[in-house]
Structures are given as C-alpha cells and as structure tokens.
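Undergrad: Here is how the chains run, residue by residue.
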Amino acid sequence: MIHRSPVFPAACAVFLATLLGALPFAMSGPENADREDRLADGQLAFRNNCLMCHAEEMVVRSRLTEKQWAAEIDKMVGWGAPVPPESKGVLLEYLVSQFSDPKASPVGPPQRMTLAEALAATRPEAPEKTQGDANRGAALYASNCATCHGPEARGGDLGTCLVEKPVLLRPTEFRQVLRQGVRRMPGFQLALKPEAEADILAWLRTRRFELAAP
Amino acid sequence: MSRNGMNQGDESSFLSGRRDWLRTAGALAAGAAAPQWLRDGTAFAEEKPGGSESKMIVRCLRPLDLESPVEVFDSFLTPNDMFFVRSHFGAPAVELTTWRLAVRGLIERPLSLSLDDLKELPQATLPAVLQCSGNGRSNYAPTVPGIGWGKGAVGNAEWGGVRLVDVLKRAGLKLDEGHVHMLGGDAPPSAKTPVFLRSLPLTQALHPSTLIATRMNGEPLPVQHGGPLRVVVPGWAGHNWIKWLRTITVAKEEAPGTYQQSGYRMPKVPAPPGADLKPSDLVPVTTMPVKSLIARPSAGARLKAGRVEVRGVAWTGTGHVTAVHVSTGPNAPWQPATLLDDERPGTWRRWRWMLDSARPGRLQVRVRATDSNGQTQPETTPWNRSGYLWNGIDSIECEII
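Going line by line, the protein sequences match chains A and B. Per the working numbering: the first sequence = residues 4 to 217. Per the working numbering: the second sequence = residues 760 to 1160.
Because the hints were derived from the structure by calculation, they are not lab data. Being a predicted model, the structure only gives us computed values, none of them experimental. Even for Gly, the Cβ is constructed at its ideal location relative to N, Cα and C. The reader is advised that the hints may include incorrect statements.
To be verified - To be clear about the criterion: a stretch of chain A counts as covered by chain B if any three or more of its residues have a C-beta under 8 angstroms from a C-beta of chain B, and this derived list gives those stretches:
1. 90-100
2. 207-215
Claimed, not checked - DSS-like cross-link-like pairs, simulated, lysine-lysine; straight-line CA separation at most 30 angstroms:
3. A:Lys78 <-> B:Lys1037
4. B:Lys951 <-> A:Lys70
5. A:Lys78 <-> B:Lys1027
6. B:Lys878 <-> A:Lys132
7. B:Lys1011 <-> B:Lys933
8. A:Lys91 <-> B:Lys1037
9. A:Lys106 <-> B:Lys814
10. A:Lys70 <-> A:Lys91
Just chain A, with the same shape it has in the complex:
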C-alpha cells in the first residue's frame, strides 16, 4: 500500500519520526504541541519526497531564507517531487525551522572520504550477469512498477527514473529494494518470485535514455 496522503494522524507521524530518530525540535507545553506536530509532518514530508533524489547533507548543510526555501520547493514540485499540495506548508515550516538560522541545527565540518569509498556506494559491486528474460520482465514491470515509475521507467508520480541508473548494475541491492521497499515504496517480497525480479531487472537494463530528434 502506498501512503500517498500526507495526512497521517499526527500521533502516527510523531511515532514514525521517533522511530527514524529523535526529533531535533523538542518543545513542551500545549501551545507548542501543534507546531511540534507540524514539524514532525514536515520532517516526514522531507524524508519521503526530498530524499528520493537528494542525500540529506545537501539540504542539512544549506542555510536559506523562507523565501528561498519556498522557491526551492516550488521548483522541485515542478520537476516532479511528489509533495502533495497540502504538505507544502509543513515541509516549508520544517525546512525554515532547521535550515534558515545559521545557529539552528549546527553541522560539523563535511565528511571526508576517498574517491573509492564514495564510489563504492554507486558503482557496480562487480559486473554481475543476471539470467532474467527481458520480455517477461516487460509485462511484469507494466503490472507491478509502471504505476509509480512510469510506463517507460523514466519516472512517474511517485517513483524515480530507473533508466540507466547504477542500481541496475547492483543486482543484490536491486533485489533488496524490490523485496523490502524504500521510503514510500512498498516491498514486493510476497508479490514477486526471484525469477520475476530477475526478469524485471533484465528488461530495465534494456531501456535507454534518449530524446527524440527535433
């Protein structure tokens, strides 16, 4: 099931946020309870919608004004970020509360890494062959994945583009995401057999990013 609606009960959102990590904006008193709920909802909207494409540090290390954050949200929604209209307000409130004032949410110096360490997360573990059947995969993709990732896998309302993405070179990770889900994506462990996973991967690997000639 996909939680398209942002209107989780606030208590549920707080519970989820607590699971995800302590909220950095603990407050007390009934007058703050509403704001605390909104910030929790905003944080959830941030995790669900922004982290699909961006690593957290890109936002966490930014310091922008409310006007700049509002413009960023509008730009990203225009570019396909699936922030529901009714969540834009809480998302903005959350971003402004944490990432406007230079003194709020202080961050340490940036992480340091060798290139090899950084690439380990994105490049192939070892070019792994898969035994899938792309033709069968096309049909399986259409019935299981296309609703979110788009009919051509170029990205849809809720899922990102999968065409020529490095995860296709990492079958172990691909299978893990497919089985367990990630962020708003549900796990397909019960719906797809291992052969079906391999078939979908085989079809996705045939897709190419191209533009029609003008």
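Take the given structure of chain A and dock chain B to it, following the hints.
TA: Chain B in isolation, oriented as in the chain A frame:
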C-alpha cells in the same frame, strides 16, 4: 595505458612545458605512496595532523558531489582520484551500454560513432582547467541555493580525445552560425525534470581546443568524470563540459529548456539580492574570470619562523595569467610571486613565493592574480543569486611559532 598513448597527438607548441606534468602523471599512474607535495622537498614544520588531505570533501553523496582539498593543487596536474566530481543527475550505468555518439541536426550526414570510430579521427591532447561555475559559492552572502562549494571544485588535467570540429566536419556542417546542442546519458529522476541539455555557440564548438575527451591524465576517462565521452571547453566553466556525451545536434538556435534558457545565466551588470531581473538582463555564464588559490601551506598550519615557500596555482578563462602577487595582511604591500609553466590559454600556472617571517604569531597570506587582458581579482566578487564564478582574493591564516 599509457605514457605512449598519452604522447599521441602532442602539439609541439607545448612540448617544452610538458616534462613536469608528465612526471607528475607518471608518479600518479605508478600509484606512488607519498603525495607530490610531500616529495617536493619543502619542509613544513608541524603541519596540521591527520591524513585528511588524501580524502575528498563530501558535499553530497547522492548525486555525488566531491570537492578537492586545496593541498591537491600543489601540482600542475590534478590526479583523477583527487579531482572534484559534480553532476546533476549522477553517473549513468555506462557499463550497460555499448557507447555510441549520435551526430544529427543541420548536417549533411547523420552519424552514429562508436568509440573505435573516434579512435580513427586525429587525436589531440591538451591540459585544461575544469572549474564548476559554482566553485566558491559558499563565499557569497546572503547565501544562495546550490552546492556550497568551498575552494576545490576545480582541477587541471591533461585531456585527450578528438576535436569536436573534426566530428562536425565529418558530418558535413550546413551552416556557419548556430549552436551545437549536447546531451549526456544521465537521465533526470522524473519525466518532469528538465534534461541536462546544453549548447555551445558554433564558434566555440569549432575552436580547435574544444574536444570530445576519451582520456584524462593518460588514463581512459573515468566514469565519475564523464567517461567514456565528455566535452572539454578550455577557458569555459564546467557546465559546458557535458559528461557522458551521447548526442550532439547542430541547430540554428540555442538549446531549449531550463538548463540553457534560465539556468547558468548571470546579470550583465551586478544586481543586489531581491532585484527584479528580466530574462533580457541575463547572459549565459561562459568563460571563467581570473583566479588564484593557495595550495601550501595549509590553512591553519603552524610554521617555524624563517623561510617557507608559499605555493599555488592561478588561471583565467581567456588569455593567460601574467602576474601573481602575494601579501601578508590586508594592508601589507603586494609582492610579485614567481610564475611557473607556459603562457598557455585554458590551463593554469603554478606560482611560488618565499615567505620570510621572523615574528611568531598569526599571519594572513593573501594571493591575487592578473591576466593578459589586464583583469585582476577583486577583493570579493559581486553577489549573484545563483552563486556563480566566485573569484575573490584567496587568503589563509597560519601561525608562526
């Protein structure tokens, strides 16, 4: 791999300056353990502890944006594994594809070139500075959206490949004026996200130093740097150096879309925050302004009193660097540094200056470059809303002990 491969296509005009950087590249290829700056023989007393200089500064892990620590700029060529990394949508899975380059649009013969086809064209090799247009963005106040680069979204490499003009000639150009659209293999995350489509004016595309690179510092062009094919436009900022190049289209007009029509533009005259700018007030960001950086000593270094060599690099977008001056405080006189390397457009020159400091205490070291157009670095760069082309004077603080 190779040194031999690297020599193919040399132009005699810069043979004289090559030995130093060949040696550097050779040492890199050999995977020498000690960094070049440690082997250069200048002793730095009590440098900051820790081996972080051999690690990249992570600006963003997804998509991957890595910045070089400035100490890396203590050599003519920047090693591939210490060269900054930037992309809009992340590297595509190039291993899935037998790469081909499509050439289409207003040409006589549409082409689909394999990597082997490109090897049959005349090969060219040149050193050139690649700098992200947002390098130094973190210096702008008020802050602006975008990756908060410090000093190191820049590097100098020896790029090898074919000239774009040779590819266009083979396709048979049909026009004298126009634009070359360039598209890479990095698909945007959503069908609603604009593709990273850019264009070069035909005059720049036909310039003999504009390349389609297949090699970097003597190695096959690494995927994180745009391999197997990336455009090289010496003197122009990095957003024109399209990575994972897959399609070039010759057209009368500039490329359509966000990344050409509204992104990577700056006001013709500086405009303060909040200014209401019309599209006609903006021009595309093309060549880089003159700039210099201090590579050694490191910021915060503790140095023994006496003579210490201060070193770094300086470059510019058009022409070449003619002078570098160093001063030891906001009101101290500017003193000329010694320039190394050739007066060659597109690449950088190293500079050296001997600091002779007897008095213990904190010391600011500042550097300023001037180019053959008479342009000198400003104290700070006028603010612009996207934080492009910072070239304010670089400075570090050290402590003399």
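Undergrad: If a hint holds in the structure, say so; if it does not, say that too.
TA: Now for the hints, and whether the structure bears them out:
no.: 1; hint: 90-100; in the structure: violated (count 0)
no.: 2; hint: 207-215; in the structure: holds (count 5)
no.: 3; hint: A:Lys78 <-> B:Lys1037; in the structure: 18 angstroms, holds
no.: 4; hint: B:Lys951 <-> A:Lys70; in the structure: 23 angstroms, holds
no.: 5; hint: A:Lys78 <-> B:Lys1027; in the structure: 24 angstroms, holds
no.: 6; hint: B:Lys878 <-> A:Lys132; in the structure: 29 angstroms, holds
no.: 7; hint: B:Lys1011 <-> B:Lys933; in the structure: 10 angstroms, holds
no.: 8; hint: A:Lys91 <-> B:Lys1037; in the structure: 27 angstroms, holds
no.: 9; hint: A:Lys106 <-> B:Lys814; in the structure: 28 angstroms, holds
no.: 10; hint: A:Lys70 <-> A:Lys91; in the structure: 13 angstroms, holds
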